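Student: Each chain, letter by letter, is given below.
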Amino acid sequence: MGDRFKGFISVLIAIVTVLTAVVAYFQSDASNRDDRAGRDANSLAVEMLGQNVSGSTRSYYDYNQAYQTWFELDVLATAAEARGDDAAANRYFAAAESMQSLSPLLQPPYFDPATGEVDFTRYEVDTYLARVTQLNEEYTAAAAVKDAWDTKANAYVVHLTILAVSLFLLGLAAAIDHRASQMIFSVVGVALVSVATLWAGATYLEPVADLRDNPAAIDAYARGVSYAYMGDEAAARAAFDEAAQIQPDYAAVYVARGTAQLELGEYVAAAEDFERARALGIESPSMLGDLAVALYYQGRFADAIALQQQVVANSPTELWVQFDLGASLIISGQLDAARATYRAAMDAAIAEVAAANEAGTTPSSELWFGLSYGVIGLDEIRSLIADGTGVPDPALIPNPAAVDALAAELTTEIKQLTVGLEFLGAPPTGTLEAQITDLSFGEPIYGDDGSVDYEIGNEFESGISEVSMLFDYAGMRDGQEIVIKVFIDDKEDPSWRIVAPWDAGADGEGYEIPLAISYSDTFVLSTASYSVEMYVDGLLAAEGDFFIEE
Amino acid sequence: MDKTEEQGFRVPMALIALLIAITSVAGAIVAWRGSIAADAAGDADTAGLRATINLNETRALSAVVAFGDYGAFTQFYRNRQLAQLLEEDLAAQPEDATEEQIAPLAEELVDVTDSATVAQQAFPNEYLNRDGTYALERQQGQLFADEAQERDLNPSANFAEADQARVKSEQLLIAFSVLAVALIAFTLIEVVGKYAKYLMLAVGSLLLVAGIVGTILIEMGRLA
Numbered sequence: 001m002g003d004r005f006k007g008f009i010s011v012l013i014a015i016v017t018v019l020t021a022v023v024a025y026f027q028s029d030a031s032n033r034d035d036r037a038g039r040d041a042n043s044l045a046v047e048m049l050g051q052n053v054s055g056s057t058r059s060y061y062d063y064n065q066a067y068q069t070w071f072e073l074d075v076l077a078t079a080a081e082a083r084g085d086d087a088a089a090n091r092y093f094a095a096a097e098s099m100q101s102l103s104p105l106l107q108p109p110y111f112d113p114a115t116g117e118v119d120f121t122r123y124e125v126d127t128y129l130a131r132v133t134q135l136n137e138e139y140t141a142a143a144a145v146k147d148a149w150d151t152k153a154n155a156y157v158v159h160l161t162i163l164a165v166s167l168f169l170l171g172l173a174a175a176i177d178h179r180a181s182q183m184i185f186s187v188v189g190v191a192l193v194s195v196a197t198l199w200a201g202a203t204y205l206e207p208v209a210d211l212r213d214n215p216a217a218i219d220a221y222a223r224g225v226s227y228a229y230m231g232d233e234a235a236a237r238a239a240f241d242e243a244a245q246i247q248p249d250y251a252a253v254y255v256a257r258g259t260a261q262l263e264l265g266e267y268v269a270a271a272e273d274f275e276r277a278r279a280l281g282i283e284s285p286s287m288l289g290d291l292a293v294a295l296y297y298q299g300r301f302a303d304a305i306a307l308q309q310q311v312v313a314n315s316p317t318e319l320w321v322q323f324d325l326g327a328s329l330i331i332s333g334q335l336d337a338a339r340a341t342y343r344a345a346m347d348a349a350i351a352e353v354a355a356a357n358e359a360g361t362t363p364s365s366e367l368w369f370g371l372s373y374g375v376i377g378l379d380e381i382r383s384l385i386a387d388g389t390g391v392p393d394p395a396l397i398p399n400p401a402a403v404d405a406l407a408a409e410l411t412t413e414i415k416q417l418t419v420g421l422e423f424l425g426a427p428p429t430g431t432l433e434a435q436i437t438d439l440s441f442g443e444p445i446y447g448d449d450g451s452v453d454y455e456i457g458n459e460f461e462s463g464i465s466e467v468s469m470l471f472d473y474a475g476m477r478d479g480q481e482i483v484i485k486v487f488i489d490d491k492e493d494p495s496w497r498i499v500a501p502w503d504a505g506a507d508g509e510g511y512e513i514p515l516a517i518s519y520s521d522t523f524v525l526s527t528a529s530y531s532v533e534m535y536v537d538g539l540l541a542a543e544g545d546f547f548i549e550e
Numbered sequence: 001m002d003k004t005e006e007q008g009f010r011v012p013m014a015l016i017a018l019l020i021a022i023t024s025v026a027g028a029i030v031a032w033r034g035s036i037a038a039d040a041a042g043d044a045d046t047a048g049l050r051a052t053i054n055l056n057e058t059r060a061l062s063a064v065v066a067f068g069d070y071g072a073f074t075q076f077y078r079n080r081q082l083a084q085l086l087e088e089d090l091a092a093q094p095e096d097a098t099e100e101q102i103a104p105l106a107e108e109l110v111d112v113t114d115s116a117t118v119a120q121q122a123f124p125n126e127y128l129n130r131d132g133t134y135a136l137e138r139q140q141g142q143l144f145a146d147e148a149q150e151r152d153l154n155p156s157a158n159f160a161e162a163d164q165a166r167v168k169s170e171q172l173l174i175a176f177s178v179l180a181v182a183l184i185a186f187t188l189i190e191v192v193g194k195y196a197k198y199l200m201l202a203v204g205s206l207l208l209v210a211g212i213v214g215t216i217l218i219e220m221g222r223l224a
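The listed protein sequences correspond, in order, to chains A and B.
In terms of the working numbering, the first sequence opens at residue 1 and continues consecutively.
In terms of the working numbering, the second sequence opens at residue 1 and continues consecutively.
In short, the hints are calculated from the structure, not lab data.
Owing to the predicted nature of the structure, the values given are computational and were not obtained by experimental measurement.
A hint or two may mislead.
So the derived label-pair ranges between C-beta atoms look like this [what the hints assert, rightly or not]:
| id | chain 1 | residue 1 | chain 2 | residue 2 | range |
| --- | --- | --- | --- | --- | --- |
| 1 | A | E433 | B | V65 | 57 to 63 Å |
| 2 | A | I184 | B | A202 | 32 to 38 Å |
| 3 | A | D126 | B | D146 | 26 to 32 Å |
| 4 | B | A135 | A | G479 | 58 to 64 Å |
| 5 | B | D146 | A | N314 | 49 to 55 Å |
| 6 | B | L15 | A | I184 | 51 to 57 Å |
| 7 | B | Q164 | A | V11 | 21 to 27 Å |
| 8 | A | P108 | B | N125 | 30 to 36 Å |
| 9 | A | I376 | B | Q164 | 57 to 63 Å |
| 10 | B | D111 | A | I376 | 46 to 52 Å |
| 11 | A | S462 | B | D146 | 33 to 39 Å |
| 12 | B | D111 | A | S440 | 22 to 28 Å |
Glycine residues also receive a C-beta, built at the ideal position from the N, C-alpha and C atoms.
Kindly generate the complete structure, drawing on both the sequences and the hints.
Tutor: In structure tokens form, the structure reads like this:
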């Protein structure tokens with residue numbers, strides 16, 4: 001009986017040894033695949049960096065040197081033409097034309113000689129961005145494969161350890177003569193072998209998907225990203241549809257398609273795509289923030305608030321999501337909570353600037369984006385209330401008058417904070433004592449005797465080259481910091497900014513600040529809506545609008 | 001007296017001991033060769049990554065240098081074109097043209113010619129083509145070729161070598177496993193009954209030969 005038992009144990013040990021050899025082979029194979037995928041990921045990351053640098057260098061030359069030189073010659077030609085110097089105009093036009101041979105950007109399909117405009121985004125995409133996107137996806141796929149094989153290899157190490165323990169127990173069972181101990185060791189040993197074998201089998205059968213095996217999906221995704229970069233959201237969506245069809249579990253496709261659909265105003269479809277991406281494991285704050293935006297525009301304010309609160313709790317540095325949370329609260333009539341949320345977001349901005357100042361660095365551009373984004377959100381709510389139509393449905397806004405009043409108050413606060421942080425490095429303090437009245441805009445008309453008159457109005461004909469703002473003032477002090485910001489079609493053009501100390505005394509009438517000056521023969525104000533804000537020591541003192549007609 | 005002899009089966013213990021010893025030594029050699037192959041795979045991967053970095057660094061730096069030079073050429077080209085056009089306009093002036101008509105053109109010609117002369121110093125003139133254009137691709141190609149003389153810019157060769165070494169290490173692991181099973185077969189001769197002893201001896205011997213021959217073939221590259 002004893003010899004038979006030992007013989008049985010010996011056979012078991014032999015089987016376990018064979019199993020161990022098999023699992024060791026699996027482990028080695030998984031480890032090799034892990035190494036290979038890791039190598040591919042590193043290699044792709046380096047290649048992506050190289051392509052990005054060389055492509056950016058090329059594009060920088062094409063736009064900032066070749067095109068700018070062409071543009072300069074074209075402007076000189078136009079100016080000469082305006083002066084009546086046809087010979088010079090022809091010279092400059094001929095020189096500009098000859099520049100076109102220097103860069104593909106100055107040739108079709110990127111260049112329109114009739115308008116002198118270049119499709120630079122398309123050029124960037126064709127030159128390197130599409131390839132960089134493709135490499136990025138291949139890198140992401142390789143990294144995922146590496147992770148998967150790494151997990152498998154580590155699991156096999158655990159199986160090998162269990163098998164080693166079971167070998168030890170079976171060896172003990174064979175070595176000792178105590179019957180009960182033999183049974184315990186052999187039963188536990190066999191149980192461990194069974195667990196390790198089943199687990200190793202399950203690990204072996206677990207598939208490792210490699211997106212690189214489906215290059216058509218990556219190609220369609222890269223095309224979609226390229227279209228989105230060029231601002232063609234509909235074409236982007238079609239490309240993402242194709243990618244999703246080829247590779248239904250391609251999570252990045254749903255994020256990108258959701259973003260494209262958000263831009264297209266298809267909020268239900270956008271939310272569905274973001275949810276799909278979430279189900280596939282993507283939980284980035286930016287995507288969750290976008291999902292909340294899609295819910296907000298559907299009027300699902302409670303869902304948006306819950307999600308935004310979750311994002312803000314996990315990622316308190318996402319200022320734009322904090323402002324979105326504030327917007328969701330204010331539009332749903334939770335005015336006290338909204339006020340507190342906006343204040344918290346503004347405090348976060350103040351803290352970031354203070355930390356940057358203390359560290360001797362500059363705050364990120366995300367901060368300024370977040371602050372202007374906050375204002376845009378409040379402006380949208382106010383427009384909804386004023387127009388009575390739009391998305392989300394204005395009928396969903398409880399107590400619109402109170403909402404509008406709070407939105408106006410918060411808008412001013414954020415604007416003032418932005419100017420204070422940007423120009424003074426701290427939030428503005430005190431109350432506004434300056435009084436700016438009768439703000440108007442006018443085109444200067446120069447008399448032969450050197451006198452200047454103004455054609456006052458809010459709408460000007462196309463082709464004017466100068467506009468000034470005119471106002472009466474009181475309560476000013478010399479040395480106060482004046483900041484003028486000009487928004488063209490709701491977007492600030494920093495080249496119009498005026499930052500200067502006040503030096504015109506305490507009060508006066510008809511004070512003129514030239515906004516756009518006629519500095520060349522060719523400059524004209526483009527057709528657009530212009531909004532002007534004037535700040536005194538960081539406090540909003542006046543604002544007004546004018547339009548240039550087509 | 002061992003059991004084998006007691007039961008009347010003649011498998012000499014000395015032979016079994018010799019086979020176990022041969023199998024153990026063969027296993028150790030296979031494990032050593034496998035370890036060397038795995039190490040070679042790692043080294044080749046590192047060399048491949050180094051070559052990838054070299055390649056992309058060269059690509060990026062040659063773009064930076066070449067387009068920097070091309071930017072200087074662009075200024076030169078602009079001013080040279082304007083100079084040529086001004087010369088043509090000056091030549092086309094009527095004989096009775098006044099000094100006031102000619103002077104601005106002549107001054108501008110001097111300015112743009114001076115600017116062209118200065119710009120011409122800022123890029124390597126050997127890449128100027130006869131037709132006055134710039135051989136950008138030739139410059140980039142030359143920069144690339146110069147680097148290729150100095151450094152390894154071919155990652156794919158290293159990666160292929162790494163893959164080959166990895167396959168070899170896996171094959172040697174299989175050979176090692178075969179020898180391990182042979183070792184078990186020899187060990188079991190002690191405990192199994194009657195005819196099974198001969199079966200174990202046969203299986204063990206077969207696996208031992210298979211493991212050794214397989215290893216030799218792997219080392220000779222016949223199983224790649």
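Student: Just to be sure I understand the hint, the distance between the Cβ atoms of Q164(B) and V11(A) should be within 21 to 27 Å; is that true here?
Tutor: violated (39 Å)
Student: For the hint 33 to 39 Å, verify it against the beta carbon of S462(A) and that of D146(B).
Tutor: violated (56 Å)
Student: Given the hint of 32 to 38 Å, check if I184(A) and A202(B) actually sit that far apart at their C-beta atoms.
Tutor: holds (36 Å)
Student: For the hint 22 to 28 Å, verify it against the beta carbon of D111(B) and that of S440(A).
Tutor: Once the Cβ atoms are compared, 44 Å apart, the range 22 to 28 Å for S440(A) and D111(B) is violated.
Student: Are D111(B) and I376(A) spaced within 46 to 52 Å by their CB atoms?
Tutor: holds (48 Å)
Student: Does 57 to 63 Å hold as the CB distance between I376(A) and Q164(B), or does it fail?
Tutor: At roughly 58 Å between Cβ atoms, Q164(B) and I376(A) fall inside 57 to 63 Å, so the hint holds.
Student: Kindly confirm whether 51 to 57 Å is satisfied by the beta carbon distance between L15(B) and I184(A).
Tutor: Hint violated: Cβ distance 37 Å, outside 51 to 57 Å.
Student: Please check whether E433(A) and V65(B) have a Cβ separation lying inside 57 to 63 Å.
Tutor: 58 Å Cβ-Cβ, so the 57 to 63 Å window holds.
Student: Are P108(A) and N125(B) spaced within 30 to 36 Å by their CB atoms?
Tutor: Cβ of P108(A) to Cβ of N125(B): about 31 Å, so the range 30 to 36 Å holds.
Student: Against the range 26 to 32 Å, how does the distance between the Cβ atoms of D126(A) and D146(B) compare: consistent or not?
Tutor: holds (29 Å)
Student: Could you say whether the range 49 to 55 Å given as a hint is met by the Cβ separation of D146(B) and N314(A)?
Tutor: holds (51 Å)
Student: Is the hinted range of 58 to 64 Å satisfied by the C-beta distance from A135(B) to G479(A)?
Tutor: holds (59 Å)
This entry does not satisfy hints 6, 7, 11 and 12, going by the numbered hints stated previously.
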